[in-house]
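Spelled out from the first residue to the last, the chains are:
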Amino acid sequence: MSLSTSIRCKRAGHALGHSVLAAALLGGIAAAQAAGPALDGTLKKIKDSGVVVVGFREASIPFSYYNDDKQPIGYSADITRLVLDQIKNKLELPGLQVRQLPITSQNRISLLQNGTIDFECNTTTHNESREKQVDFSNSFFIVGTRLLAKKDSGIKDFDDLKGNTVVVGAGTTSEILLRKMNAEKNMGMNVISAKDHSESFLTLSTGRAKAMMMDDALLAGERAKTRDPKDYVITGTPQSFEVYGCMLRKGDSQMKTLLDEVIAKAKTSGAAAKIYDTWFMKPIPPKQLNLDFPMSDTMKALFAKPNDRVTP
Amino acid sequence: MSYKWNWGVLLDPVVTGENATYLEWIVHGFFITLGLTLCAWTLALVVGTVFGVMRTWPNRFGQAIGTAYVSIFRNVPLIVQFFVWYFVVPEILPAAIGDWIKGVKPNVQFFVVSVLALGMYTGSRICEQLRAGIQALPRGQRQAGLAMGFSTAQTYGHVMLPQVFRHIMPPLTSEFLIISKNSAIASTIGLLELSRQAQQLVDFTAQPYESFIVVTLAYVLLNFLILRFMAWINNRISLPGLMGH
Amino acid sequence: MFDFDWQALIASRHILAAGAWITLQVTLVAIACGVVWGTVLALCAVSAIKPLALFAKAYVALFRSIPLVMLLLWFFLIVPQLLKAVFDLSPTVDIRLVSAMVAFSMLEAAFFSEIIRAGILGLSRGQFLAARSLGMTTVQMMRYIILPQAFKAMLPILLTQCIVIFQDTSLVYVIALGDFFRNAVSLGERDGTLVQMLLFAGLVYWLICSTLSASVKLVQQRMQHD
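Protein chains in written order, with my numbering: chain A, 1 to 312; chain B, 1 to 245; chain C, 1 to 226.
When the alpha-carbon atoms are kept at most 30 Å apart in a straight line, the in silico BS3-like pairs for lysine-lysine are as follows: (1) C:K152 x C:K217; (2) A:K162 x B:K105; (3) B:K105 x A:K156.
Label-pair ranges, simulated between beta-carbon atoms: (4) A:G154 x B:V50: 39 to 49 Å; (5) C:S213 x B:L221: 29 to 39 Å; (6) A:R227 x C:V219: 44 to 54 Å; (7) B:R166 x C:L28: 33 to 43 Å; (8) C:S213 x A:D68: 33 to 43 Å; (9) A:K282 x C:H14: 23 to 33 Å; (10) C:L54 x B:V50: 39 to 49 Å; (11) C:S215 x B:A132: 18 to 28 Å; (12) B:L23 x A:G154: 31 to 41 Å; (13) A:D68 x B:I92: 27 to 37 Å; (14) B:T67 x C:L62: 29 to 39 Å; (15) A:G163 x C:V219: 54 to 64 Å; (16) B:S71 x C:A17: 25 to 35 Å.
If you are wondering where the hints come from, they were derived from the structure by calculation, not from laboratory data.
Being a predicted model, the structure only gives us computed values, none of them experimental.
Where a beta carbon is used, it is the ideal one built from N, C-alpha and C, also for glycine.
Kindly produce the complete structure, drawing on both the sequences and the hints.
Below, the structure is given as structure tokens:
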């Protein structure tokens, strides 16, 4: 391809881009005039493009993980499906195209902020420092951050971690908590930051780390994957109680209203409780093990009164 | 896209409570990268020389080993080699040794594994360059050495290798440059070198652009320093008009 | 050593095949775009127009000084919206795949341009002078005389660079793109068979690259006989 041809191709590309942008704007204006109150933010983006991009986790059992057909399943995946159904209804787009993008705890905020994904309901903790960058919906889960260790390791609580190697997920609240604890209490811990939950667990199971710190529900999920879950024990006083919420772009009030409605309705109608039961009290893929993780009292209270408070 | 630039975030104390600013994290990563590059290059030089000599030594078995070494380490992607050194080697060694390795401080593990992976990989490239250099020597050199009563080893040591090293100095120094960039792959197994620090900054600050720009500039700076170093060495040592010059 | 779970491997063959397809796509696009853009850069670098030459040299210097890992992260975390606008992508396209293709193309173009530039400069001046004296314009000269010879002379090195590109695609691991290597690792982590999967992946890469390298050697030998 000669230089002039490639320049012509680039110019054509720009022209195409401009014309698509113009068409989209016109289409958006027309659609807004046709529908009721004007859509804005993410809902407008979805309506205009006919596509919604949702982020999911690949290995966060039992919230969002791959089954054998490489489809995401889990508690959060089911909540996401409820949200998608509501979006289809509200925007009157029965043919809405859903694109699922795997995300990690490291890139979830960046990908949301730069527009690659439209929202995500997985295992993202709603806390104040994140509120500076993104918004959160009503909380759909409560966890305590605890430790997972081998039964014979002798680790009973966080103080036992002195001088040991501990693994956490990179970019998670547990990582910040653990490293803060390490610095403040001078515990001499070696902290390994793993890319995601399954890598964290791998570090623990191969003996590289003595313990793994994470949200207790996720710990239960990781433990269920092994050959002998009885070898591992979830211990330690929870260092924090945290709420999971769906993450959306900052200032997007229409999207937040939609997400809040879906979650509140799921809780009050009993749908959320059923989803909880399926994933926490019954055998789940891949190994058909039962997590046996009954709903805590704080969660029951949350289900009775849906809210988006940072502290449960 | 209304992005709020905040270069001052680099001087903020880190949110994980350790006694450092984000800029110090980047500097720390810079020095880890530099250290890794130096150690890996040294290892590569040693390993590459050994195998390069083996490949030209008049011994069938040695040549076979040398050829196998080059074939394996040049035909497997570097990231795969990193993972094999980190995950596989401790598992296939005897349990006692494997467990001891896994018990070593994580940062030390990451560093040593990275040096091994980078060193062995680059060693295979240096081996080939050395072999080409040896084969490019006039046949008379080896023959004269042997005729003078040197053993093969002495011929290599006193006659051939000194010449070859001066010939291949330019490609050797450019391997140094290549290692400095391949060092970024060590971030995949957890080493807190420069590119991993960039990712950490993106995790913990809300300012991804600033973090990435500073780290990219750090790499450009490192690249520039290494190029200067290469030019200095080449001026002092290499012979003009030969390989790669 | 350890009993290799062939059953599990066969059961996951779809995931591995999908990964291999991604690897192939990135490799081919990187080679195609890299060669095209690299040729343009090489021509700029040898041209008499100072700003073009300067641009080409600066581009090559910049892209050769940044690790591929950083470049991939740049395009994935930082500038996807820019990519979307420039290439007019529909939101259904996997942005990771596009980031990978763009990052690789831009980087490999720098390497290809150096190779092609060496090829051009390695031709005897007589070629240029003869073309000029035949009344050819620069474009015609490049298209009919110089570039064909330069490519032929550099063919083994170009092919070797293609093999390097194939190996480098495994680095898309850092942007969580599911190529062959990443899928193998994910499977290993999920099922606890990481050691086996890593050795398997290493073996597959070794087989493919050794075969390709041997073929390049054959090409080289054939060319020497011409």
